[in-house]
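Top to bottom, those sequences are chains A and B. This note's numbering puts the first sequence at residues 88 to 199. This note's numbering puts the second sequence at residues 1406 to 1846.
No incorrect hints appear here.
Listed below are the simulated DSSO-like cross-link pairs for lysine-lysine, each with C-alpha atoms no more than 27 Å apart in a straight line: (1) K157/A x K177/A; (2) K172/A x K1703/B; (3) K1704/B x K172/A.
From the structure, some residues in chain A lie toward chain B, with a derived Cβ separation under 10 Å: (4) Y133; (5) R134; (6) G135; (7) E137.
Keep in mind that the hints were calculated from the coordinates and are not lab data. Note that the coordinates shown come from a computational prediction; the quantities given were computed from them, not determined experimentally. Glycine included, each C-beta is placed from N, C-alpha and C at the ideal position.
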Amino acid sequence: MFKIEAYLRPSALEGVQKALGEIGIVGMSVTEIRGFGRQRGHREVYRGAEYRIDFVPKIKVEVVVKDDDKDGAINAIVEASKSGKVGDGKVFSSPIQDAVRIRTGETGESAL
Amino acid sequence: MSNLHKIVLAIPALLILVGYTPASADNHPLAEFQASPGYAEFVVNNLWICISAALVFIMHLGFATLETGLTRQKNTVNIIFKNLFIISIGIVSYALTGFNTMYPGDFNGFLSIMGPIGFTDVVANLSSAYNPGYTYWGDFIFQAMFAATAATIVSGAVAERVKLSGFMLYAAILVAFAYPIAGSWKWGGGWLEGMGFYDFAGSSIVHAFGGFAALAAVIILGPRSGKYVDGGIRPILGHSMPLATIGVFLLWLGWFGFNGGSVLSAQPDLVSVVFVTTSLAAAVGCLAAMITSQLFLKKPDVTMALNGILAGLVGITASADIMTWVDAMIIGAIAGIIVVLSIVIIDRIKIDDPVGAISVHGVCGIWGTIAVGIFSSDYSFSTQLIGTLSYALFAFVVSLILALLAKVTFGFRVGEDEENEGLDLSEHGQPAYADFQNLNN
Chain A
88 MFKIEAYLRP SALEGVQKAL GEIGIVGMSV TEIRGFGRQR GHREVYRGAE
138 YRIDFVPKIK VEVVVKDDDK DGAINAIVEA SKSGKVGDGK VFSSPIQDAV
188 RIRTGETGES AL
Chain B
1406 MSNLHKIVLA IPALLILVGY TPASADNHPL AEFQASPGYA EFVVNNLWIC
1456 ISAALVFIMH LGFATLETGL TRQKNTVNII FKNLFIISIG IVSYALTGFN
1506 TMYPGDFNGF LSIMGPIGFT DVVANLSSAY NPGYTYWGDF IFQAMFAATA
1556 ATIVSGAVAE RVKLSGFMLY AAILVAFAYP IAGSWKWGGG WLEGMGFYDF
1606 AGSSIVHAFG GFAALAAVII LGPRSGKYVD GGIRPILGHS MPLATIGVFL
1656 LWLGWFGFNG GSVLSAQPDL VSVVFVTTSL AAAVGCLAAM ITSQLFLKKP
1706 DVTMALNGIL AGLVGITASA DIMTWVDAMI IGAIAGIIVV LSIVIIDRIK
1756 IDDPVGAISV HGVCGIWGTI AVGIFSSDYS FSTQLIGTLS YALFAFVVSL
1806 ILALLAKVTF GFRVGEDEEN EGLDLSEHGQ PAYADFQNLN N
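Full structure from sequences and hints, please.
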């Protein structure tokens, strides 16, 4: 099992949800977050004075998938959220040791 | 006998002492006046003054939402509280001393502090001999709505760090004494009236006065914490553009009464001309500020467009009844350009005015007043300049003294911890949006 964490533009959410659904991934969590990457935010002007927006609004999508679904899920997220411009975001994956479905007590991949 | 009973029984005695007599039903001159040819006109005129008073009243909601929108949400309750206090103390103090101080009748032209409004019998004053424009009460309530405006202008500039108790002391004295004294110089028949100075509805008397009072208060107060750091400017963003916009539209609406009512009658030609010049100046002020913002700041800043509307309105206020529609547009355009540049310059010299009140009311108030001397051959440029600078200087000095008085008594500024926490919680213990607090405001 792998957990995939994707840091994305808020506008990418709908496409990502659809793309993951199409390859049979069920269940995802979304968090509204703020952050910056290599570009370190951007500059704006308010009433004639410049200011930095260091923490840009983003979303974090988290899905836990079976080993076999990992590459497909990452691909689906990347394809659905790619605009080619700075600020598209990043996707991370990390191994998950175990999972439990609370209602039934199932564990491992069958709990997903 | 309880204390309450004593007080209730004392009221008739007091009324007799101050010379109040209830209107008697028989023998009143109303019937005679009602039958006279001028009565219908009087009714219409008086109704227009009262509607105008109501329009100026709603400007105070405009100021409240504009200030709220252009500041952070953690100071919203405080701004609302200050605005409620100002309109209330404004009307009460205008009844107790302001009205008669501003319109003292025969006086030395500079200063005459007078007592409360009279218990005038309205019916007894209704006759063809009475001023054909309005009743005593219509006059009072219209002028009373103006009076609080000067202090309201200051309220926006000192927002987010002024101490509530200190500000209440400052505002009460400003509105009870300083504004009526300044107003008497022109509208009360004082020395500026004698010089031939012209200020139709108060570009100087109300707006430059408020703007320069704000400047002195801000200088004593200092900038908001975190505004000017390491030699640079760190803008503090207003939290609600919709609220600010509601405020400006309400102010524009109210200005139909502010300027339209200042005709002091419902004379058809003048009232309609004033509506046109007022709106054209506001509209062109908005367009000019939009263009100036785009050219100089490389951004169509909505707050600048909002300030541009107000700049045009303040600019035309001195002369809405005497300008042609073309001149009104030129005055509005120049005001719209000036206001954007002035806001940026004042910010660069580290005078922190969150809403732009000093530029909108102070700078554009002076512009509107001297514009009378430029665009009208009936008024002298130098007299206009002397008049408007007198108002600016008087307001600045009085405000400086009052701010220092507040500073040594209640304190004029909150501590840094209170400021960071937000005045809503530190001064009032009450958040404005209890379920919607966000991280950075």
